[in-house]
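Asks: Hey, can you work out the whole structure from these sequences and the hints?
Going line by line, the protein sequences match chains A and B.
Residue numbering for the first sequence follows this note's numbering, beginning at 513 and increasing consecutively.
Residue numbering for the second sequence follows this note's numbering, beginning at 153 and increasing consecutively.
Check each hint, because a few of them may be wrong.
To be verified - Quick list of the computed label-pair ranges, beta carbon to beta carbon: (1) 598/A with 166/B: 15 to 25 angstroms; (2) 237/B with 598/A: 14 to 24 angstroms; (3) 340/B with 598/A: 54 to 64 angstroms; (4) 598/A with 267/B: 16 to 26 angstroms; (5) 598/A with 284/B: 42 to 52 angstroms; (6) 598/A with 240/B: 34 to 44 angstroms; (7) 598/A with 321/B: 49 to 59 angstroms.
In case anyone wonders, no lab produced these hints; they're calculated from the structure.
Idealized CB from N, CA, C, for every residue including glycine.
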Amino acid sequence: VIEEREVVTLLLGLGALTLAFRNRRSLSYLHSLELLLASLSLLTFGFASSILEGLPGWVVFDSIEHACYALSSLAIALWAYRTATR
Amino acid sequence: MTIVFELVGVLSTLIALGFLFRFGNGAPGRDGRRAMTAILGLSLFFHVANGLDYARITPILDPIEDFLWVLSPVLWGFFFYVCGQESLALRLRESEDRIRTLVELSSQAIVVFRNGEILYANPAAAKLLGASAASQLVGAPLRRFLADDGDASFLSDDSISGSREVSLRTPEGGIEVEFSSSPIQFRGTPAVQLIVSDITARKVAERALKTGARVLQSMIEGVCLSDEDGEILYSNPAEEEMFGYEAGELVGRDVRTLHGSDDLEATKLFQAIGKSVLERGSWVGELFNRRKDGSTFTSYARITALELEGRKCLLCVAEDLSERKRLEERLLQAHKMESVGRLAGGIAHDFNNLLTVVSGSTELALARAPDDESLKAPLLRILQASGRATELTSQLLAFARKQRFTPLVVNWNDCVSEAETMLRRLIGEDIDLRTRLEEGLWNVRADRGQLMQVLMNLALNARDAMPAGGELVVETRNRSFAIASDAPIPPLMAPGNYVSLVVSDSGTGMSEEVLRHLFEPFFTTKEPGKGTGLGLATCYGIVKQNEGFIWAASSPGSGSTFTVYLPRCEADIDTVRPERAFSATPRGTERVLVVEDELSVRAIIVEVLDTLGYEVLPASDGEEALAIAERDPEPIDLLITDVIMPRMGGRALAERLTVTRPRLRVLYISGYPARGSRTDEALERGAVLLEKPFTPLALANKVREILELGS
Chain A
513 VIEEREVVTL LLGLGALTLA FRNRRSLSYL HSLELLLASL SLLTFGFASS ILEGLPGWVV
573 FDSIEHACYA LSSLAIALWA YRTATR
Chain B
153 MTIVFELVGV LSTLIALGFL FRFGNGAPGR DGRRAMTAIL GLSLFFHVAN GLDYARITPI
213 LDPIEDFLWV LSPVLWGFFF YVCGQESLAL RLRESEDRIR TLVELSSQAI VVFRNGEILY
273 ANPAAAKLLG ASAASQLVGA PLRRFLADDG DASFLSDDSI SGSREVSLRT PEGGIEVEFS
333 SSPIQFRGTP AVQLIVSDIT ARKVAERALK TGARVLQSMI EGVCLSDEDG EILYSNPAEE
393 EMFGYEAGEL VGRDVRTLHG SDDLEATKLF QAIGKSVLER GSWVGELFNR RKDGSTFTSY
453 ARITALELEG RKCLLCVAED LSERKRLEER LLQAHKMESV GRLAGGIAHD FNNLLTVVSG
513 STELALARAP DDESLKAPLL RILQASGRAT ELTSQLLAFA RKQRFTPLVV NWNDCVSEAE
573 TMLRRLIGED IDLRTRLEEG LWNVRADRGQ LMQVLMNLAL NARDAMPAGG ELVVETRNRS
633 FAIASDAPIP PLMAPGNYVS LVVSDSGTGM SEEVLRHLFE PFFTTKEPGK GTGLGLATCY
693 GIVKQNEGFI WAASSPGSGS TFTVYLPRCE ADIDTVRPER AFSATPRGTE RVLVVEDELS
753 VRAIIVEVLD TLGYEVLPAS DGEEALAIAE RDPEPIDLLI TDVIMPRMGG RALAERLTVT
813 RPRLRVLYIS GYPARGSRTD EALERGAVLL EKPFTPLALA NKVREILELG S
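Replies: Structure follows, in structure tokens:
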């Protein structure tokens, strides 16, 4: 079952991703920006997986979804580390 | 498995939160960090909620989770938006800092003003305007620094743009600057930004350049710059005028076309000069030049090497020597004439003594043998020859400017009118004489007889130049020259008022060579025996003696023009007292003291006077004369004395004798009869002089005249 809020979240995630990529030149002053973009990308992919897991036979996406969230947090942690220790 | 992911997520999020508070450069700003904190907080919540969810511990969080689920991408979007804004602000700040640094460190003075009041000035402006710090200038009126109040009009215009040059007053003195103004917004209100450039040095250089250019333009010497190939790069107006070219016409020409008699010679000359300049740095000498019209002239040139924009050039400063050479020639001629004149004068003096003896003795011999025809004929021939010799001597004296002359105020028109009839007879019927006499012709101070002699000589010369007839024009004119350069012969002739006599003929004319020697004595182009060569020399001497100028212009086949200039005399015409004439040789019985150092002359005077009945007391010099006068108690009626004698001159003798004999009359005789000569210096005013040579009759007449005036 595809939930409405999951679709809205995915759309908002894609919107945030688009905003980030389009403004990446002005955001380039941020250290290790690529990790931030990767984190948001993984999060968005997690949002997508959350929708896909609702389809019959697509249970594997539940694990993928949570892996994405974990990797996303890991990417932020790495970004924070790099930024703090540069 | 999911629980592991969530645990990783929780740990990661906690680590990230931990580092978030230790961010340095390259990190998000305050708002960005807040947004990131919210993201991390939300992430922590989800990881915990998910973990609990899977452990089936907190189903109660589901409704909040659903709401916060949607918030997560919104927070990410907000984070990137905030970071974007921060980046913009950061870049703006960096840009401002950069510009501020640029302005502060700029060597160009920058001032911002509104309504004439300085709002901002950079350190360079402070330095330029003599302030110790830029802040001191803020609030000061810009007008205070303007040297000329007339420049202040633009200060009230806040929308002015463009550039202007003004003079500023600074503690160090005046400077010249260029204001480049443009309207700007300063702290939100309109103002004017001035970029102030110190152009004092540039202006000085410009003025020096202008002065240099003007100096070059106004130089009398020609200046020519050519490159090593001979192409002329620059020439000043004097150079162009010297070579007869229009302005700018010389540039681009080959310098070799200006020099040498032909191209080959010019090329050789150019190479020789180039070599000399390379070896010694300069070349100085006379150049033979060709004008545009083909005529030639000589110039004195100084050529130096010059390097311009990497090109080796030759700079030539040249002076036209034509005029100088003409003047040198004229001066040389004048000196030559002066020397010849002195020589002629000296010879003539000695001749006069000899001729006095010859003619006097001959006349005495004739008087004593009136009936002896065998003696009379040769004596008459001697007399005739001595008369001719006297005439020649007189001409020589005229040329030497030592002819006795009586300057009176006369008018040349009167002389010409008086001589016209005689001139017509003299030149013959086949020559048409025309006179053009200016009305109201000014007077001159000159010897009338000499003026007539000049006129006659010039007319005779013209007649001889027109053997087949022609036209002779005698013209008189008033001429004034305000400045020396207006005069026909500027270096010799001073500015002033002159009376000119121009005698021109339509005869055969003369060559340059003849013109050069025209006024020299004994120079003649006539056949032997037809002219003495003293006619024009006499004219020259007479004119010079009367402080005038004479020159001739002529060319073969186009006639000749003789021009005489005499200075104007403001006085009225003098009336001439006619000399007393005796019908026959006058005789007398008075006592006459004759003093003459030349024995033969003394003897002839004594003999003549003795023959005429006078009682003569001869003396060889002044001392002997004084001794005679002292010894002799009888009165002496007349003293005849030579002017120039050894030990005591005639004048000194006369002065001493007249002290004891106040009624004594004096007659001077001299072989130096000229005005301004030794004779003149030796005589008192009003003294009576008889020039040598004189005839017995002239002596007799003069003696009688003086004695009768005395009685």
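Asks: Given a hinted range of 16 to 26 angstroms, is it respected by the beta-carbon distance of residue 598/A and residue 267/B?
Replies: With a Cβ separation near 51 angstroms, residue 598/A and residue 267/B fall outside 16 to 26 angstroms, so the hint is violated.
Asks: Okay, residue 598/A versus residue 321/B on CB: inside 49 to 59 angstroms?
Replies: For residue 321/B against residue 598/A, whose Cβ atoms are near 56 angstroms apart, the range 49 to 59 angstroms holds.
Asks: I want to verify a distance hint. Is the separation of the beta carbons of residue 598/A and residue 166/B within 15 to 25 angstroms?
Replies: holds, 21 angstroms
Asks: Return holds or violated for the Cβ distance of residue 598/A and residue 284/B against the range 42 to 52 angstroms.
Replies: holds, 44 angstroms
Asks: How does the Cβ-Cβ distance of residue 237/B and residue 598/A compare with 14 to 24 angstroms: does it lie in that range?
Replies: holds, 22 angstroms
Asks: Regarding residue 598/A and residue 240/B, is the given constraint of 34 to 44 angstroms on their beta-carbon distance met?
Replies: Hint violated: Cβ distance 22 angstroms, outside 34 to 44 angstroms.
Asks: Given the range 54 to 64 angstroms, decide if the beta-carbon distance of residue 340/B to residue 598/A lies inside it.
Replies: Given range 54 to 64 angstroms: violated, Cβ gap about 38 angstroms.
Of the numbered hints listed earlier, those contradicted by the structure are 3, 4 and 6.
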